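Please work from the sequences and hints to get the whole structure.
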Amino acid sequence: MRSVKNEIYYNAMMVIGVGFLLVFSIVPMFGVIIAFQDFVPARGMLGSAWVGLKHFNRMFALAEVRNVIRNTLVIALSKIILNIIVPVSFAVLLNELKIIPVKRVVQTVVYLPHFLSWVILGIMFTNIFSYTGIVNQVLGLFGVPPQMYMISNGAFRGIIIGTDVWKTFGYGAIIYLAAITNIDPNVYEAAAIDGAGRWQRIWYVTLPSIQSTIVLMSTLALGSVLNAGFDQIFTMYSPLVYATGDIIDTYVYRMGITKMQYSFSTAVGLFKSAISFILITLSYTLANKFADYTIF
Amino acid sequence: MNKFRMSDYVILAALLLIGFVCLVPILNAIAISLSDKTAAAMGEVVFLPKKFNTAAYDEIVKEGRFFRAFGVSIRRVLLGVSIGVGLSVMMAYPLSKSPRVFRMRNVYMWLMVFTMLFNGGLIPTYLVVKNLGLINTIWSLVLPGAVSVYNTIILMNFNKGIPASLEESALIDGANPLQILGAIYIPLAKASIATIALFTMVHHWNEFFLGKIYINTLDQQPLQTYIQGLSVTLTTQQMANMTPEEIIRKLAVSNVTFNSAKAIVSMVPVIIVYPFLQRFFVTGLVMGAVKE
Chain A
1 MRSVKNEIYY
11 NAMMVIGVGF
21 LLVFSIVPMF
31 GVIIAFQDFV
41 PARGMLGSAW
51 VGLKHFNRMF
61 ALAEVRNVIR
71 NTLVIALSKI
81 ILNIIVPVSF
91 AVLLNELKII
101 PVKRVVQTVV
111 YLPHFLSWVI
121 LGIMFTNIFS
131 YTGIVNQVLG
141 LFGVPPQMYM
151 ISNGAFRGII
161 IGTDVWKTFG
171 YGAIIYLAAI
181 TNIDPNVYEA
191 AAIDGAGRWQ
201 RIWYVTLPSI
211 QSTIVLMSTL
221 ALGSVLNAGF
231 DQIFTMYSPL
241 VYATGDIIDT
251 YVYRMGITKM
261 QYSFSTAVGL
271 FKSAISFILI
281 TLSYTLANKF
291 ADYTIF
Chain B
1 MNKFRMSDYV
11 ILAALLLIGF
21 VCLVPILNAI
31 AISLSDKTAA
41 AMGEVVFLPK
51 KFNTAAYDEI
61 VKEGRFFRAF
71 GVSIRRVLLG
81 VSIGVGLSVM
91 MAYPLSKSPR
101 VFRMRNVYMW
111 LMVFTMLFNG
121 GLIPTYLVVK
131 NLGLINTIWS
141 LVLPGAVSVY
151 NTIILMNFNK
161 GIPASLEESA
171 LIDGANPLQI
181 LGAIYIPLAK
191 ASIATIALFT
201 MVHHWNEFFL
211 GKIYINTLDQ
221 QPLQTYIQGL
231 SVTLTTQQMA
241 NMTPEEIIRK
251 LAVSNVTFNS
261 AKAIVSMVPV
271 IIVYPFLQRF
281 FVTGLVMGAV
291 KE
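If you're matching them up, the sequences are chains A and B in order. Here our numbering is used: the first residue of the first sequence is 1, the next is one more, and so on. Here our numbering is used: the first residue of the second sequence is 1, the next is one more, and so on.
Do not rely on the hints blindly, as some may be mistaken.
Stated by the list, open to error - Pairwise CB distance ranges (calculated): (1) Leu171/B - Pro101/A: 48 to 54 Å; (2) Ala274/A - Pro187/B: 41 to 47 Å; (3) Ala274/A - Leu171/B: 41 to 47 Å; (4) Asn106/B - Tyr204/A: 20 to 26 Å; (5) Pro101/A - Arg75/B: 35 to 41 Å; (6) Val15/A - Ala183/B: 17 to 23 Å; (7) Val101/B - Tyr204/A: 46 to 52 Å; (8) Pro101/A - Lys51/B: 35 to 41 Å; (9) Leu48/B - Asn288/A: 49 to 55 Å; (10) Lys54/A - Asn131/B: 56 to 62 Å; (11) Met42/B - His114/A: 46 to 52 Å; (12) Gly47/A - Leu171/B: 51 to 57 Å; (13) Ile81/A - Asn106/B: 32 to 38 Å; (14) Ala183/B - Met260/A: 48 to 54 Å.
Claimed, not checked - Reference excerpt, derived from the structure (chain B facing chain A, CB under 8 Å, subset only): (15) Met90; (16) Tyr93; (17) Asn119; (18) Pro124; (19) Leu127; (20) Asn206.
Stated by the list, open to error - Among chain B residues calculated to face chain A with C-beta under 7 Å, some are: (21) Ile11; (22) Pro25; (23) Thr115; (24) Gly121; (25) Leu122; (26) Thr125; (27) Ala175; (28) Asn176; (29) Phe208; (30) Gln228; (31) Asn259.
In case anyone wonders, no lab produced these hints; they're calculated from the structure. Just so we're clear, the structure is a prediction, and the values are computed from it rather than from any experiment. Backbone N, C-alpha and C define an ideal beta-carbon position, used for all residues, glycine too.
Right, here's the structure in full:
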């Protein structure tokens, strides 16, 4: 039942939160106009000169921007693909383990990295991949000469993708484990009676049963094609690996905050936001259409 | 099915190995932090401390900056969780009403979802924070991300599951929505609220970037920002002008044990709340991701 009195209360309950969103999210959206100016902070947005698409033209002409876009796509797409394959495989494997206490312990351990910050993990992985770290010690046993992996363009992307999978696969598996739990045990029994072995059960029962979840998660991942992981790369990269590890977000940061090229940085950021907006909208639309997924 | 076959052993071994791999960086950092400086820098430490000592931890205790940063992070978590969770609880209730009861509902909803899909970017957001005079204050770490649309939607979906009949009698008795939120919805949603509180807590504890861009005075930096600043032992300009050999030499004298000890200590609060988190995050994740 509607009542004007209650609606006044409802609006009052919304007002502070919406106010914060207006100030810190909506107002900055209008701030993107500085991408079309030569913005000078002292003159403000109204006083700075309009330059049209100058910064966008410069952006597409710069080889370093093309490189940054390529790095972003390579790293983000690799992460997206592996962050589906690895959690699914892990969930299937874990489901095959019948010793419950061991299962609990493994779960507790693999979920943990998700909750640790990249700042901390950055220090830990820098130790591990350093000239005298574990990786070089282990490979040394096989006669591989030590290398500085964190500053090697040949290794950096692999480290970024691998350590990201390491951090997220356990937590990412939860959703597939939940889907596996919903499988009717009778189906497994029927398969066993029909003489299906372990691999046949996985292939013909488990995987088809979680197929819709896999498709849904893949669709939703489409929105992060330009998100290669700022926090991680920022805490692990250095100028020596810009060629393979610099991504749009780190580039925007350096141009904007370090070099104070406000307008140019905003132009690059806007390019990313606009494409991401289209991709996320597309992925939600697809997820909604084919999987009845809704967020609200 | 009941007998333990060869493949069961393979699976068990594989899973134990996977679990172990997840602990390697942490065990290694603990060992390094408890080792002798030179032994650690020479790469003699794997999982067992070499020449066991707690010098790195003593150094942390003596150094005032670490605990000052720790204190800033605690304050940030307290403010961030109370404001963030408070706002989500407040907004999730009216948003759980249908547009027939609350006509503005969908307008707010679209506005909120839009902020999830698009953002103004780094510099425009920075300019807003700066113009509001929040630079170098704790508020710059708390207010810009105060409203978590995602958490609000999780709570809203939970609220939708609460039968309307529960509040109808209270409404007839003349209770206002604020009283109903306090007396009916909050008690029922306790577990969901606890879940988002824990996630918000971990988020604020781990976040370092806002401290990096909005806080210029070292004394006011939160812990993760402070630690991130340390791990960069060489400035980017220095590094660009050095040969790999020079960098190796420079990095060898950097304080590996000290930095590892800081990483371990800053992990402690997360480890403490982890058992509670684990109780909740399965429900939290499923609530958020597979609604319907």
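Structure-based check of each hint:
no., hint, verdict
1, Leu171/B - Pro101/A: 48 to 54 Å, "50 Å, holds"
2, Ala274/A - Pro187/B: 41 to 47 Å, "44 Å, holds"
3, Ala274/A - Leu171/B: 41 to 47 Å, "45 Å, holds"
4, Asn106/B - Tyr204/A: 20 to 26 Å, "44 Å, violated"
5, Pro101/A - Arg75/B: 35 to 41 Å, "40 Å, holds"
6, Val15/A - Ala183/B: 17 to 23 Å, "22 Å, holds"
7, Val101/B - Tyr204/A: 46 to 52 Å, "48 Å, holds"
8, Pro101/A - Lys51/B: 35 to 41 Å, "36 Å, holds"
9, Leu48/B - Asn288/A: 49 to 55 Å, "53 Å, holds"
10, Lys54/A - Asn131/B: 56 to 62 Å, "25 Å, violated"
11, Met42/B - His114/A: 46 to 52 Å, "33 Å, violated"
12, Gly47/A - Leu171/B: 51 to 57 Å, "53 Å, holds"
13, Ile81/A - Asn106/B: 32 to 38 Å, "36 Å, holds"
14, Ala183/B - Met260/A: 48 to 54 Å, "53 Å, holds"
15, Met90, "5 Å, holds"
16, Tyr93, "7 Å, holds"
17, Asn119, "6 Å, holds"
18, Pro124, "3 Å, holds"
19, Leu127, "6 Å, holds"
20, Asn206, "4 Å, holds"
21, Ile11, "5 Å, holds"
22, Pro25, "4 Å, holds"
23, Thr115, "4 Å, holds"
24, Gly121, "3 Å, holds"
25, Leu122, "5 Å, holds"
26, Thr125, "4 Å, holds"
27, Ala175, "10 Å, violated"
28, Asn176, "6 Å, holds"
29, Phe208, "5 Å, holds"
30, Gln228, "5 Å, holds"
31, Asn259, "5 Å, holds"
Comparing the model with each earlier hint shows violations of hints 4, 10, 11, 27; every other hint is respected.
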